[in-house]
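Trainee: Sequence:
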Amino acid sequence: MKKPRRITVSRKASKASTPPHDGVDLLESLISNDRQLRQLADQATLNAMVAQLIYKARTDAGLTQGNLAKLIGSRQSVISRLEDADYDGHSLSMLRRIAEALGKRLQLRFVDAKNRAA
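For the sequence shown, this note's numbering assigns the number 1 to the initial residue and increments by one for each residue that follows.
Simulated from the structure, these hints should not be mistaken for laboratory data. Just so you know, even glycine gets a beta-carbon here, dropped at the ideal spot from N, CA and C. Errors might be hidden in some of the hints.
Stated by the list, open to error - Capping the alpha-carbon separation at 27 angstroms, the derived lysine-lysine pairs in DSSO-like fashion look like this:
id : residue 1 : residue 2
1  : Lys70     : Lys104
2  : Lys56     : Lys70
3  : Lys104    : Lys56
Stated by the list, open to error - Restraint ranges, calculated between C-beta atoms of paired labels, are given here:
id : residue 1 : residue 2 : range
4  : Asp25     : Arg109    : 34 to 40 angstroms
5  : Ala44     : Lys104    : 21 to 27 angstroms
6  : Glu100    : Gln39     : 29 to 35 angstroms
7  : Leu106    : Gln36     : 28 to 34 angstroms
8  : Gly66     : Ser91     : 19 to 25 angstroms
9  : Asp112    : Thr64     : 36 to 42 angstroms
10 : Gln36     : Thr59     : 30 to 36 angstroms
11 : Leu106    : Arg75     : 20 to 26 angstroms
All chains should be built: construct the whole structure from the sequences, respecting the hints.
Mentor: Below is the structure:
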């Protein structure tokens with residue numbers, strides 16, 4: 001029995017058609033010159049970062065969402081919402097309450113908007 005012939009097609013990729021290295025590069029190339037998209041992306045990034053910080057601080061403390069909710073006088077569903085990357089209602093007062101309950105200090109800082117990588 002003969003082996004089926006394998007047909008290979010190759011094409012040279014030009015520099016212009018080189019795909020971005022990762023999702024961040026792709027996103028940057030799509031929104032680089034669109035101010036409204038840039039603002040939306042920056043807000044989504046900030047929301048995701050805050051959600052991740054809350055989740056990490058809680059789990060590092062060995063607490064469930066329910067445990068943390070009791071410590072700050074809230075409900076588990078509130079903590080769940082705060083840990084959702086799509087949630088955009090984080091408040092300083094709530095972040096302070098969480099920090100205090102976890103024995104942490106909340107730090108905020110302004111950074112140069114031109115340095116997006118940081």
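Trainee: Going back to the hint list, which numbers does this structure go against?
Mentor: Of the numbered hints given earlier, the structure breaks just one, which is hint 4.
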